[in-house]
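S.K.: Make the full structure from the sequences, and use the hints.
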Amino acid sequence: DQQVKQNSPSLSVQEGRISILNCDYTNSMFDYFLWYKKYPAEGPTFLISISSIKDKNEDGRFTVFLNKSAKHLSLHIVPSQPGDSAVYFCAASLNAGNMLTFGGGTRLMVKP
Amino acid sequence: EAQVTQNPRYLITVTGKKLTVTCSQNMNHEYMSWYRQDPGLGLRQIYYSMNVEVTDKGDVPEGYKVSRKEKRNFPLILESPSPNQTSLYFCASSLHDSFYEQYFGPGTRLTVT
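Protein chains in written order, with this note's numbering: chain Y, 1 to 112; chain W, 1 to 113.
I should point out that these hints are in silico values taken from the structure, not numbers from a laboratory. We treat Cβ as the ideally placed atom computed from N, Cα and C, and that holds for glycine. Worth double-checking, as some hints may not be accurate.
Claimed, not checked - Listing some non-contacts, in silico: residues in chain Y with all C-beta distances to chain W over 10 Å:
1. Pro9
2. Glu15
3. Asp59
4. Lys68
5. Lys111
To be verified - Pulled a few chain W residues facing chain Y out of the computed Cβ check, cut under 7 Å:
6. Gly16
7. Leu43
8. Phe90
9. Tyr100
10. Glu101
11. Phe104
12. Gly105
13. Pro106
M.R.: Structure follows, in structure tokens:
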């Protein structure tokens, strides 16, 4: 059973608009959450993270929101750019352990 | 240039023929790990290593072996590959105290027939 789920396999957004990617998790012991971005034929690259003691973290156009009561996090990209078109994975870590549990990924397409 | 390299990038092999996928990083990272990516399942961790001579199982270690004799290298060994090990494999590394922010290699696409 997947502990981290991304229920939307794909998302299409117009350039300049907001992209919202969602992620749900089941294990309330997860204490650190991350987003990775992956282009075709490349490995994933770290994008942004958030600790469970926070509910928001912002880095330029990227903001991650965490709702612990709902076990839900989201990544907002504003404004979206064609170069943001990629697969986005959310991931979670358990009690500062050494393993990351990844979701299945969401393919974002930003149309010019 | 700081990077994680994997070889080969593509491999087609037959069931039962032992193979090794190499992984090397030049960032002096303590932590290294192997993942496989399958459609809809995201990345699942196979093995990880906190430092030289220290390795641990991840979520899906069955059918795989690893070794960490040197800090920079972390090879993945399939002693007897089977078709269900057909997948896209990624090696990653990070500093020990920031293992969340892992640097990934470009991936190795393995097909076992």
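S.K.: Against each hint, give a clear statement of whether it holds in the structure.
M.R.: Results of checking the hints against the structure:
1. Pro9: Its Cβ does come within 10 Å of chain W, the nearest being 7 Å, so this is violated.
2. Glu15: holds (27 Å)
3. Asp59: Non-interface label stands for Asp59 of chain Y: nearest chain W Cβ at 12 Å, farther than 10 Å.
4. Lys68: The assertion about Lys68 of chain Y holds, with a minimum of 18 Å to chain W.
5. Lys111: holds (24 Å)
6. Gly16: Violated: closest Cβ of chain Y sits about 29 Å from Gly16 of chain W, beyond 7 Å.
7. Leu43: holds (4 Å)
8. Phe90: Hint holds; Phe90 of chain W Cβ to chain Y Cβ min 5 Å, cut 7 Å.
9. Tyr100: At 6 Å from the nearest chain Y Cβ, Tyr100 of chain W passes the 7 Å test, so the hint holds.
10. Glu101: Constraint on Glu101 of chain W satisfied, holds at 5 Å.
11. Phe104: holds (3 Å)
12. Gly105: Status holds, d = 5 Å.
13. Pro106: holds (5 Å)
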